[in-house]
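2 protein chains.
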Amino acid sequence: MTMDFNSRVQKRIREVQSLVCVGMDTDPQKIPSFLFQKTDPVLEFNKAIIEATADLVLAYKFNLAFYEAMGTEGWEILKKTLAYIPNEIIKIGDGKRGDIGNSSEKYAQALFDLGFDAVTVNPILGKDGVIPFLKDKTRGAFLLCLTSNPGSQDFQYLKADGKPLYEWIAEKAIQWNQNNNCGLVVGATHPEELARVRSIASDLPFLIPGIGAQGGALEASVMEGTDERGEMAIFNSSRAILYASSGKDFAQKAREETIKLRESIQKVCERKRKGTR
Amino acid sequence: MTMDFNSRVQKRIREVQSLVCVGMDTDPQKIPSFLFQKTDPVLEFNKAIIEATADLVLAYKFNLAFYEAMGTEGWEILKKTLAYIPNEIIKIGDGKRGDIGNSSEKYAQALFDLGFDAVTVNPILGKDGVIPFLKDKTRGAFLLCLTSNPGSQDFQYLKADGKPLYEWIAEKAIQWNQNNNCGLVVGATHPEELARVRSIASDLPFLIPGIGAQGGALEASVMEGTDERGEMAIFNSSRAILYASSGKDFAQKAREETIKLRESIQKVCERKRKGTR
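In order, the protein sequence lines correspond to chains A and B.
Heads up, the first sequence is in the numbering used here, so the first residue is 1 and it goes up one at a time.
Heads up, the second sequence is in the numbering used here, so the first residue is 1 and it goes up one at a time.
Check before you lean on any hint, since a few could be wrong.
One copy or any two copies: either way a pair holds, since identical chains are not told apart in the list.
Pairs of lysine-lysine, DSS-like flavour, derived with a Cα cap of 25 Å [stated by the list, open to error]:
no. : residue 1 : residue 2
1   : Lys-159   : Lys-127
2   : Lys-79    : Lys-163
3   : Lys-91    : Lys-30
4   : Lys-253   : Lys-11
5   : Lys-274   : Lys-80
6   : Lys-274   : Lys-11
7   : Lys-267   : Lys-137
8   : Lys-80    : Lys-267
No wet-lab data here; the hints were simulated from the structure.
Predicted model, so just to flag it, every value in this text is computed and none were measured.
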């Protein structure tokens with residue numbers, strides 16, 4: 001019996017007692033310069049970060065833009081990095097893909113074959129664009145619902161029949177979640193809306209970017225973004241962890257930042273469980 | 001003086017008298033089997049199609065899903081194919097990318113560095129997700145406005161203040177078109193809506209998929225999708241051209257299909273110019 005993706009997220013959360021996802025948005029221009037003495041500096045950086053944080057994290061998320069920008073080599077680095085991550089950790093490919101049915105099938109094949117357990121999907125093409133990513137119950141898809149950036153104001157808040165677009169998306173996600181492997185992306189920069197989406201999709205895993213460098217409030221987003229048991233939310237932090245130090249101690253400092261973030265989140269979850277807001 | 005992207009589209013249309021875009025959605029499982037005697041069958045197929053059609057087309061469009069699904073090798077094939085296309089032909093990377101600002105910058109860098117003149121962009125993340133693709137006036141971005149697939153019904157028709165989402169997108173595209181390099185993707189499967197979007201964005205180039213295998217009506221979409229001079233529309237056909245024959249004559253048959261399509265479109269354009277519908 002293989003487990004469906006959402007159950008696997010819950011299992012990992014309980015085992016590691018962590019809602020932290022490290023965003024592996026590795027930028028060759030930002031990694032410590034001493035690494036360039038090695039033959040494959042970006043891969044070495046990724047391996048060191050993973051070694052230093054694997055026992056602390058629920059997931060790793062890879063923003064595909066950063067790897068595509070490295071050319072063909074970027075895809076090789078991505079593949080090798082994924083192979084280096086222990087099996088029990090959730091590996092998310094953040095590519096925001098989404099196309100008409102037969103093309104989405106190709107994207108799903110490409111990313112799941114590469115080794116990802118889940119992907120982010122732009123749902124605006126609708127059902128036939130999304131379903132190919134949800135066919136295999138062991139792999140997950142997080143649909144963009146409300147993004148963390150300023151431009152989220154342009155279309156995502158447009159109201160039809162009194163409901164903003166992001167609520168329409170959350171409702172469709174529930175309909176399309178026939179295999180218990182669908183989740184939502186909701187930015188930490190909108191805690192009120194996060195509460196609203198959680199009230200619609202009470203059980204789905206939420207991938208929550210925007211804490212740290214983007215300035216989303218941690219406390220409010222943990223309170224509002226987790227499910228009623230203080231679980232099923234995945235908080236992504238990239239720059240604050242990856243570039244905590246530019247020296248030889250970068251991996252150790254990344255570990256310290258990850259511990260800090262994990263503890264901050266756990267404290268809020270405990271308060272939520274005790275019902276003391 | 002380098003020309004902005006939209007002027008370049010118009011120039012190529014006038015030079016080649018064609019609104020045809022061949023969609024290079026090459027699927028290794030669909031190309032003629034005799035090609036597998038060669039070392040690089042997909043590249044050989046692409047080169048043969050380009051040789052047979054280059055003098056007839058406005059543009060080539062590459063659906064990135066098909067190349068990603070081939071793994072790292074797919075990106076190498078893509079790069080070599082792009083290098084093989086004569087400079088005056090428009091090369092469109094159809095990846096429907098779109099992310100928060102700093103990630104969209106990386107995607108733009110990746111795709112324009114690869115050799116594309118323009119890309120398709122999913123605009124749902126809003127302004128900061130779109131603008132990085134429009135910074136260089138010589139490169140273009142076609143924003144997804146109304147897609148050709150059945151799932152376009154799920155979100156793209158939602159009405160806010162009496163206007164469907166696709167009209168909101170068309171209006172924003174005009175605002176964001178400061179460098180005369182922004183276009184729209186509007187599916188041929190919706191001729192009435194195509195007319196509506198054309199009335200909003202009278203001058204922008206439209207990339208129009210969905211004729212051929214997807215069943216969009218050619219006549220209506222040429223009438224409604226071109227600008228008032230019967231120009232500034234790019235009609236994409238993939239499967240009907242690429243797989244016109246599975247034999248040794250595949251390139252010749254692809255040429256014949258391309259000629260047929262170009263002529264069918266030109267006839268409608270001429271009727272439109274004469275005002276005889």
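Exercise. Is it within, between, both or neither when you check Lys-80 against Lys-267 at 25 Å Cα-Cα?
Worked result: Answer is neither: 35 Å inside a copy and 53 Å across each miss the 25 Å cutoff.
Problem set entry | Alpha-carbon proximity between Lys-159 and Lys-127, which holds within one copy, between copies, both or neither at 25 Å | Classified as both: same-chain Cα gap 20 Å, cross-chain 18 Å, threshold 25 Å.
Problem set entry | Intra/inter-copy verdict for Lys-267 and Lys-137 if alpha-carbon distance must be at most 25 Å | neither (32 Å within a copy, 50 Å between copies)
Problem set entry | Within, between, both or neither: Lys-253, Lys-11 at alpha-carbon 25 Å | Answer is neither; intra-copy 28 Å and inter-copy 55 Å both fail.
Exercise. Should Lys-91 paired with Lys-30 be assigned to within, between, both, or neither, using CA atoms and 25 Å as the limit?
Worked result: So Lys-91 and Lys-30 pass the 25 Å test inside one copy only (23 Å; across, 32 Å).
Exercise. When no copy is named, should Lys-79 and Lys-163 be tagged within, between, both, or neither for a Cα gap of at most 25 Å?
Worked result: Neither: 41 Å inside a copy, 44 Å across copies.
For this session: Check Lys-274 against Lys-80 for me: Cα-Cα at most 25 Å, and say if that holds within a copy, between copies, both or neither.
Result: neither (42 Å within a copy, 60 Å between copies)
For this session: First find the shortest C-alpha distance between Lys-274 and Lys-11 inside one copy, then the shortest across copies, and answer within, between, both or neither for a cut-off of 25 Å.
Result: For Lys-274 and Lys-11, only the intra-copy Cα distance (21 Å) is at most 25 Å; the inter-copy one is 68 Å.
In summary, the structure is inconsistent with hints 2, 4, 5, 7, 8 from the numbered list given earlier, while agreeing with the others.
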